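Number 86 in my numbering belongs to position 86 of the sequence shown; there are no gaps in the numbering.
Misleading hints may appear alongside valid ones.
With a straight-line Cα cutoff of 30 Å, these simulated DSSO-like cross-link-like pairs (lysine-lysine) come out [as the list claims (entries may be wrong)]: (1) K124 x K76; (2) K54 x K117; (3) K2 x K76; (4) K117 x K52; (5) K117 x K76.
Distance ranges between label pairs, derived from CB positions [to be verified]: (6) R17 x P80: 36 to 46 Å; (7) P80 x H59: 14 to 24 Å; (8) L21 x P80: 37 to 47 Å; (9) P9 x M85: 34 to 44 Å.
Everything labelled a hint here was simulated from the structure, so no lab data went into it.
Treat the numbers as computed from the prediction; the structure is a model and nothing was measured.
In this text, a Cβ means the ideal position worked out from N, Cα and C, and glycines have one as well.
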Amino acid sequence: MKDIEIILPNQPGMLARLGELLGNNSISLEGGGVFSNGATAIAHFLVAEAEKAKELLSHGPFISVRINEVLILRLKQDVPGQLGMFAAAMAEAGVNILVQYSDHAGQLIIVPDDFEKGRRVSEKWR
């Protein structure tokens, strides 16, 4: 699984076009979200076929598409403050969390600025 980052015009129907294009080509979105940012919007979605998604989205109204490596882990849901503790461990290791969301299975999805350092922190966290 990888994260696809899409910059798209912040206009009615853009998310529909994105979802229909991927869905019509059998690419499932396994988690993510879209956030408006002035005239554009930034979407991050977890997909199994990131290269295929990028190719499909490179044609049309989408401004840019980037593929990001992700860390996937499950926090201990019965322990309050898990996200804060994990984020603190990442910060202590010098890793900046660029994107954070959950997938459909309730797992934490992280796009770190340094994947290898982030991977080492997340392995110790489990």
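Evaluation of the provided hints:
Between K124 and K76 the alpha-carbon distance is near 14 Å, which keeps this suggested pair within the 30 Å criterion. Taking the CA atoms of K54 and K117, the gap is near 26 Å; set against the 30 Å cutoff, the hint holds. At roughly 23 Å between alpha-carbon atoms, K2 and K76 fall within 30 Å of each other, so this suggested pair holds. Simply put, K117 and K52 have alpha-carbon atoms about 27 Å apart, close enough for the 30 Å limit, and the pair holds.
Straight-line distance between C-alpha atoms of K117 and K76 comes to about 22 Å, which keeps the hinted pair within the 30 Å bound. Between R17 and P80 the beta carbons are some 40 Å apart, a value that agrees with the proposed interval 36 to 46 Å. Taking 14 to 24 Å as the suggested C-beta distance range, the pair P80 and H59 does not conform, at roughly 45 Å. Between L21 and P80 the beta carbons are some 40 Å apart, a value that agrees with the proposed interval 37 to 47 Å.
The given range of 34 to 44 Å is respected by P9 and M85, whose C-beta atoms sit roughly 38 Å from each other.
Comparing the model with each numbered hint stated earlier shows that hint 7 is the single one that does not hold.
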